[in-house]
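**Q** Below are the chains, spelled out letter by letter.
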Amino acid sequence: MSILEYNGSGVVAMCGKNCVAIASDMRYGVQQTTVATDMHKVYKMHDKVYIGMAGLATDMQTLVQRFRFRLKMYELREERKIKPNVFANLVSSMLYQKRFGPYFVEPVIAGLGDKNKPFICAMDLIGAPVYTDNFLVSGTSSEELYGVCEAMYRPNLEPDDLFETVSQCLQAAVDRDCLAGWGAEVYVICPDRVIHKTLKSRQD
Amino acid sequence: MGDIGSLTTFDKSGKLTQIEYALNRVNQGKTSLGIKATNGVVIVTDKKVHSVLVDADEYHKIQSITPSTGFVYAGIGPDYRVLVTNARKSAQKYYLTYRELSPVSEVAREAATVMQEYTQSGGVRPFGVSLLVAGYDHEGPQLYQVDPSGAYFGWKATAIGKNYVNAKNFLERRYNEEMELDDAIHIALLTMRESYEGEMNENNIEVAIVSKPEDNEDANFRVLTPQEIKDYLEEAN
Chain C
1 MSILEYNGSG VVAMCGKNCV AIASDMRYGV QQTTVATDMH KVYKMHDKVY IGMAGLATDM
61 QTLVQRFRFR LKMYELREER KIKPNVFANL VSSMLYQKRF GPYFVEPVIA GLGDKNKPFI
121 CAMDLIGAPV YTDNFLVSGT SSEELYGVCE AMYRPNLEPD DLFETVSQCL QAAVDRDCLA
181 GWGAEVYVIC PDRVIHKTLK SRQD
Chain G
1 MGDIGSLTTF DKSGKLTQIE YALNRVNQGK TSLGIKATNG VVIVTDKKVH SVLVDADEYH
61 KIQSITPSTG FVYAGIGPDY RVLVTNARKS AQKYYLTYRE LSPVSEVARE AATVMQEYTQ
121 SGGVRPFGVS LLVAGYDHEG PQLYQVDPSG AYFGWKATAI GKNYVNAKNF LERRYNEEME
181 LDDAIHIALL TMRESYEGEM NENNIEVAIV SKPEDNEDAN FRVLTPQEIK DYLEEAN
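As given, the protein sequences belong to chains C and G, one line each in that order. Note that our numbering has the first sequence beginning at 1, numbered continuously upward. Note that our numbering has the second sequence beginning at 1, numbered continuously upward.
Only chain C is shown next, with the shape it has when bound in the complex (with noise of 0.2 Å):
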């Protein structure tokens, strides 16, 4: 059993027409028990910059502990709020700090840059980042993400379709993987608002 699978997860980024989004499952489990099903995996950071992580639950929660003091600290000195690509190395300047004991997650990172473009960005658990501009997937169950995201997306999505076509993903690749699902919540991030909806799923 690796280390990463302990607690079960699956979480994915998507790039749209001005607007990204980002989804994740909401089980939380030990190993094949199932303990709570609204385990937050997508967090804000501000309005234009979320982070989802995938793999050990403590670890998820100290780094948003530490992510949220790194980014308070650097708006109180900086005058202005990070932008994703900065924190996207942010976050891989700290996991890579801890690259002979490292924090056992897997992040992804979405946001709206500078003059709102789309940005998403996802790392492994030492912190090598890779970005593109279509999705991007962890977890448990990445494999199952990967295929269905790679047949159902398309580029250039509006918010509501983008929505309609992460959800989907999201739900299909998770009803494959025995320890994600348990429900599921989705943010699409616009230049003007952010779409945060939690999806109706199969409890098992």
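Simulated from the structure, these hints should not be mistaken for lab results. Just to be clear, a hint being listed does not mean it is correct.
Computed cross-link-like contacts, DSSO-like style, restricted to lysine-lysine with a CA-CA straight-line distance of at most 30 Å [claimed, not checked]:
hint, chain 1, residue 1, chain 2, residue 2
1, G, LYS212, C, LYS117
2, C, LYS81, G, LYS156
3, C, LYS81, G, LYS89
Among chain C residues calculated to face chain G with C-beta under 8 Å, some are [unchecked claim]:
hint, residue
4, LEU76
5, ARG77
6, ASN89
7, SER93
Sample of chain C residues facing chain G (criterion: CB under 10 Å; computed from the structure) [to be verified]:
hint, residue
8, GLU78
9, GLU79
10, ILE82
11, LYS83
12, VAL86
13, LEU90
14, SER92
Note that this is a predicted model, so its numbers are computed, not measured. The beta-carbon is built from N, C-alpha and C at its ideal position, and this holds for glycine as well.
We have chain C; now place chain G onto it with these hints.
**A** Just chain G now, kept in the frame of chain C:
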């Protein structure tokens, strides 16, 4: 060996004498000045060498810290070198973490922090320099002055070193908020000439500008070549 305390201590009237003395030293140093324009910043310094044998090409007072920020000073050259090295290392550390260039205010603040530490740490003396930090970032062009105490201020235009009082008066009269970089360079050179002993030419001053070439992402700090200075000087005549 015992733990050494600070050498910079208060006197009865509340002054930190060492810092006062450091400022005195700065005011004996060669003049440097800076002007912020709407689209950039210019800094100028007196680089008079005291012997014909000195190889002036190898010696630069103005130093860049990031591609879009630079320093110049008045005071003790070697102390300045330490601050430049420190600032460059700080800026690179910032880049390693954020993969973005350090904002100008950060560069100024970090230099100020170091300078303040040397007024409170054990066994050290304050830096005998005042710095002018010129840069361009997301908040536009900026000019900061950092003093030996660690105090720092943003300026529209300022001068440090010998004759700074006269230079600042001159600047106060000539500065206007709508000045563009070319005008600022012109005024900077005129101001420098006011306090310059002897003949001022393209070889005994150093000029640097930071500006944004078009609306192209990064601003660019660069030292002007002697030929460019010569051209500006001719225009100023």
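**Q** Against the structure, test the hints numbered earlier, and report the numbers of the ones violated in rising order.
**A** Result: hint 4 breaks, nothing else.
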